[in-house]
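Chains A and B are the protein sequences, given in the same order.
Converting from the first sequence to our numbering requires adding 2 to each position, the first position being numbered 1.
Converting from the second sequence to our numbering requires adding 2 to each position, the first position being numbered 1.
Read the hints as simulated data drawn from the structure, not as lab findings.
C-beta atoms are modelled at their ideal positions from N, C-alpha and C, and glycine is treated no differently.
Incorrect hints may have been included.
Taking CB as the label site, the calculated pair distances span [stated by the list, open to error]:
1) R69(B) x R59(A): 22 to 32 Å
2) G145(A) x I66(B): 22 to 32 Å
3) S102(B) x C157(A): 55 to 65 Å
4) A89(B) x C157(A): 47 to 57 Å
5) D121(A) x V84(B): 56 to 66 Å
6) A14(A) x A31(B): 48 to 58 Å
7) R59(A) x R34(B): 41 to 51 Å
8) Q40(B) x N147(A): 23 to 33 Å
9) R70(A) x I66(B): 17 to 27 Å
10) A31(B) x L49(A): 51 to 61 Å
11) S54(A) x P60(B): 23 to 33 Å
12) K41(B) x N147(A): 19 to 29 Å
So the derived list for chain B, only partly shown, Cβ under 7 Å to chain A, looks like this [what the hints assert, rightly or not]:
13) V13
14) L49
15) L53
16) W56
17) P60
18) L62
19) I67
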Amino acid sequence: MIRRFLEGDEQAFTELVRHWETRVFNLAWRYLGNREDAQDVVQETFLSVFKSAKNLRDPASFPTWLYRITLNHCRSRRRRRLPDLSLDDPLQCREDGEGELTLSMTAGCDPRDPLEIRDLIRKALMGLSEEHRTAIILKEYMGLNLEEVARVMDCPLSTAKSRLYHGLRGVQRNLVRIGIRS
Amino acid sequence: MQCNEIQERFVDLLYQEQGTPSASTELQAHIRSCPSCQKELAQLKDLQATLKVWKDEPPLRPTIIPRSEPASSRILFPFWKVARYAALAALVALAFLGLSNAQITWDKDGFSFRTSLRSQAVQANYYTKEEIKPILENVMDISRKDNFRMMQYMLDTLDVERATELRAITRQIKESRSRN
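All chains should be built: construct the whole structure from the sequences, respecting the hints.
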């Protein structure tokens, strides 16, 4: 499908879009924390893919190339917007003396509700730096291996591992702050 | 091996990917003997499970597929594009003519086109009213003085001629009296 697209087959491009749009959307959603912005990024990404297909030499590297374009659009969009969430949540934060993750409930918060947990994870991710958040999203959600993560982020493998490790620790700390058991 | 030395290698332990450096014997031995690192590794695995709660969702709406224009509808030089460029070129030409004080004349001697980018050079060909006034006054002054001198000269000449004639007449009278 990718090869046919690179040869100029427009029907192949339609199939390509339908195949990858969900992944691109979820990458952008997790990066930006906002579905509407993510939808716009999807459109911009495939427009860029359409225009710059000739820049792709190896069809096998299409996923990493696509994710890199997506992240570039995400960063541009993020620079244009102010952050729209903070970790100063109405949820109570409680941490015992040993830094153990504990559950803290307030009225109206059901930690078993996946949508609530998802929202808290979203906030915890948004509290990270862009590099740490990118590393976690690419590894934990996009299913790339460590080499591919390094390639998308255009950094050495050791740097990608370091960002991933510190990103995971950062999410852990943020989830403790907003009161959810890991 | 210290705990802070192996923290970043947790990633290798966590993912155990083929082709990446696998946990060395030393690392695994440390993990087995260090409760703190064991707890941290367990927490990271728990965290991975928590992160998976956030499932993928479909996009809000289908992506609009970009399409390239068919070759037949692409005209190399469409009319409105040419008209736009022509209008722009005409404006630039008019602006140049205006700024350069262009003079275009067409008379019996032929067609002439002159420009001058220095406006002072054009203005120097014409005198203003204020500039002409003192010049005229000067000319009239000079001519007044010249006229007076001319008149004086004429009068002096007449005097001289009258005096000459008078002497001639006086001589003739004396000669006639002496003959008588």
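Comparing the hints with the structure gives:
1. Between R69(B) and R59(A), the C-beta spacing of about 24 Å keeps the proposed range 22 to 32 Å intact.
2. Distance hint for G145(A) and I66(B): a CB-CB separation of about 27 Å, consistent with the stated range 22 to 32 Å.
3. Distance hint check: the CB atoms of S102(B) and C157(A) are about 59 Å apart, consistent with the given range 55 to 65 Å.
4. At roughly 52 Å, the beta-carbon separation of A89(B) and C157(A) lies within the given 47 to 57 Å, and the hint holds.
5. Between D121(A) and V84(B) the Cβ separation comes to about 57 Å, which falls inside the hinted range of 56 to 66 Å.
6. For A14(A) and A31(B), the Cβ-Cβ distance of about 53 Å falls inside the hinted range of 48 to 58 Å, so the restraint holds.
7. For the hinted restraint 41 to 51 Å between R59(A) and R34(B), the CB-CB distance of approximately 47 Å keeps it satisfied.
8. The hinted window of 23 to 33 Å between Q40(B) and N147(A) holds, with their beta carbons roughly 25 Å apart.
9. Checked against the hint of 17 to 27 Å, the pair R70(A) and I66(B) passes, with Cβ atoms roughly 22 Å apart.
10. Checked against the hint of 51 to 61 Å, the pair A31(B) and L49(A) passes, with Cβ atoms roughly 53 Å apart.
11. Remark: the range hint 23 to 33 Å for S54(A) to P60(B) is upheld by a beta-carbon distance near 26 Å.
12. For the hinted restraint 19 to 29 Å between K41(B) and N147(A), the CB-CB distance of approximately 27 Å keeps it satisfied.
13. Interface restraint check for V13(B): the shortest CB-CB distance to chain A comes to about 4 Å, inside 7 Å, so the restraint holds.
14. Annotation: interface hint on L49(B) holds; nearest CB of chain A at approximately 5 Å, less than 7 Å.
15. Checking L53(B) against chain A: minimum C-beta separation of about 5 Å stays under 7 Å; hint holds.
16. Restraint check, W56(B) versus chain A: the minimum CB separation of about 5 Å is within 7 Å; hint holds.
17. A least Cβ separation of about 6 Å between P60(B) and chain A falls short of the 7 Å threshold, and the interface hint therefore holds.
18. A distance limit of 7 Å between C-beta atoms decides the matter here; for L62(B) the minimum to chain A is near 5 Å, and the interface restraint holds.
19. About 5 Å separates the beta-carbon of I67(B) from the nearest beta-carbon of chain A, less than 7 Å, and the hint is met.
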